[in-house]
Structure formats: C-alpha cells, structure tokens
Amino acid sequence: MITFFFFFFFEEMYKDPFIKKAYQIICKDKLIPDRYCDIGEYIHGRLKKEELQMALRSIDSPFTELYATSYPKEMSIESKWSSYHQQYLQNSSPDDMQYVEAQAVLNWMFRTYGNVTDRMEAARELTKMLEEAFAIKGSLTFVQGIIYVSSEMDLQLISSVNDFYKAVSEISAAGKELLYRGHTNVNHVLVPSVMRNNQWRMHERDMYNELLIQCPREFEKLKSHLDCLVQMQHYGLPTRLLDITHNPLVALYFACEREENTFGEIIVFQENSTNIKYPQSDTVSILASLPLFNYTDQQMFYEHAANSELGKAEFNKRIDRLLHEVKLEKPAFRDEIDQADLLNCYVVLPTKNNSRILKQDGAFILCGLSDSNPATINKLRYKEDSGKTQLYIITNKKGILKQLETFSINKASLFPEIDDVADYIKNKY
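Under the numbering used here, the sequence shown has 99 at position 116, and the numbering climbs by one with no breaks.
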C-alpha cells in the first residue's frame, strides 16, 4: 500500500516545475554534450545535509528551509512539499535556480525514499522527461545510476584491471593512435581547466602573465608559448591544455585515485597519426599564443573564425595581431592562418623534458576558441564500427588501485616530485 501511494504521488511530484528543472540542471552539463551522466550520489545518498545547508545559507536561498528539519518520510512528502512550496516559492521561478539549489531539491526528494530500489525507480521516472526537455533523439537507458543515450553509446562496467585490459584489447583502430584520459567522477565535463570557470576564461591572459611575472625563474629557459603552457599546467594554473596519456593503466589510475565511493570513467581518444601535432607545428604555435590576448580579443578572433563568409585574405587581415604574436615566436611563420585551426582541438605530443610527462607517458589536447568545446573534443573520442562511443565506467576504485600496485602504477611512480613520493610512502603505513 505504501509503495502504491509513493508512485501515485511521485507521478504528480515529478511534474512539479521545480523538481523537473532541478533534474535538468543536474544532468544537462554532462548529458547534453557527452550523452551520459551519473546521478548515483542522489540514489546512494552521498551528499551531506550540513554542507548543502551551509551552501544554501551562503546565497540566502529559500531552499534553506527544506533542510531546517529532518528529511520527511514517504507518507508525508506530499504535504511537506506542498506546504513548503506555498510558503517559500510563490514568488520564485524554476529558471532562477542555481546548481546548488538543484542539488538540494533532488537530494531532499531522494532522501525521502527509504531504500535504493525506490530511489532508482524514481530516477527512471524523472529520466523519461529528459528526452523531450533536451530534444534527445533515441531513448535514454538507466543502469546503476548512469543515464546514457543507448543509440549513441555502449556501456561497460569495469571492476578490475583484467576487465579493463580485455576491453582495451578489443579496440581496433588501424592507422590511428589511441590515447586515454581518466576522470575520478563520471560527471567531470570534458573541457580544459581554463574553460571550467567563467572568471578563469575571462582572465586567461591575466593569469598567464601574472605567473610569468611572479615566477620568472621557472620560465626563463623555455622557448615557446607551448612550453610555458605545459609548465603552467604542471603547477596547476588553469590552461587550455587537456592532459591525456598513451598508457591506459595511467588513465585507469587517475580514474581511481580519489572519490572512492563514486564511479570513475576512462575516455579513449583516437586520432590519425598524420593529424597529430608536434611542438614545432605552426598550428600549435597559433593556439598556444591565444592566452596572450584578453577575452575581448579572443571573442573577436572567434567571431571572425566562425564567419564562413570571410575570405582567407580578409580573415587574416582582421586577426593581424595574432599573426604578429606568432611571428615574434617563429619569425619564419607564414602570414596565414586557417579559420578552422582557431576553432579546433588538436592532439599534441610535447617534448618530454618534464619528469611528470615522462613518467605518465603524457600528451595533451590543445583547444582553440570553439564555443562548444565539449562537442569539439568529443569528435576525437574512439567510436566503434557501429558509430557508437564506448563508455568505460569504473566501479571498484579501491580494488583496482591495489591491483595497479602490481604494475608499479601509483602516486610515487607517476608524480616523481619528492613531496608526492613522501605522501605515497606515508599513506602506505
């Protein structure tokens, strides 16, 4: 009887505009560009009430009141939500919800259900409405908290090194180079760090120059803008570089190193060997010069590059300042840039003069000015003959990390700096 009541009410509750909008906000950043996302933290109740409450208070959110008392029971959720809605949301719009508010609404709702089975069923019901909301062609499939477009993606759950070895061994990419990237959280959006935060993106030039000024000795022997970007990436400054590796086990380590209770993922990239760039490439010099320009200039470059009606001569005339900057680094550079180069992302094999790059068998994806970087980067992802992208979801992080030790894949081997090695040794005991 309780289960019947729950689903009878839930069918009405998920139509509530705030509930619908909250679910869309949580899913859209990953589901729209990448075609999958993970809502496991809501199903398994991993979000902490105190942290959500503090975050809501910091923005003076009306949703703070949801957390003023304990989570309601299933039988009382209808009256609780109705009362709260009438008292606090009459003058609010779902479109004004911030991300943390969407988190709070969904967490509150899912915590009402006493077991994972009911939460999974609730998530399935909510997921149905995403197809229409996001104009997704094809059905959404729901497996262990992972939502994905099954007509475009295949999913493999990886719980051991052996599972991953078998999966990678089945990849066929003749004439192409395979590279890998690991994320500790499936919902990590596939964009370079400088594009994760709007303030960073708008102040890329300021951050770049300030680090050069504050730490000149770290950069005085470097010969190119790419070398500077690689060094900045090494020290944690947000850049337009995305770390990748030739070694699938290194990527597996990075998918497992943190957030033990969340699923990780491995992304496999493929690129024609002839399309891979080297440090001396003109295209690399062009894109690596972009951080020297402010946000307004970059937007202007983007608009000119995206304008298909511009001829090559007129385009190059309008971006002459970028041409000049590249020639300062490479005097022999031809006075010509292709519009497409500014909008694309490229696999770059750097000089291995950095111990971390050497140990991690590292490479980079260098990103241009595309306004839809996840979509641009996703074009580099490995696809099967069927045209589907393969998802490798990591489910047993702790066990896999122990197995990787057998292959000497650990923090000390991948981060050879003494502080990282010391931290690894300390944690062994």
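Among the clues, some could well be false.
As the list claims (entries may be wrong) - Distance condition first, Cα-Cα at most 25 Å in a straight line; then the derived BS3-like pairs of lysine-lysine:
id	residue 1	residue 2
1	Lys149	Lys63
2	Lys300	Lys342
3	Lys(-2)	Lys120
4	Lys111	Lys4
5	Lys149	Lys(-2)
6	Lys371	Lys111
7	Lys342	Lys295
8	Lys366	Lys295
Note that these hints are calculated values from the structure, not bench results.
From a predicted model like this one, the values you see are computed outputs, not experimental measurements.
Status of each hint after checking the structure:
1. Lys149 <-> Lys63: With Cα atoms ~50 Å apart, Lys149 and Lys63 exceed 25 Å; violated.
2. Lys300 <-> Lys342: The hint is violated at about 43 Å.
3. Lys(-2) <-> Lys120: The hint holds at about 22 Å.
4. Lys111 <-> Lys4: Between Lys111 and Lys4 the Cα gap is close to 13 Å, so the pair holds against 25 Å.
5. Lys149 <-> Lys(-2): Roughly 43 Å separates the two Cα atoms, so the pair is violated.
6. Lys371 <-> Lys111: Distance of about 21 Å is within 25 Å: holds.
7. Lys342 <-> Lys295: violated, 42 Å
8. Lys366 <-> Lys295: violated, 33 Å
Consistency with the previously given hints fails for numbers 1, 2, 5, 7 and 8, ordered from lowest to highest.
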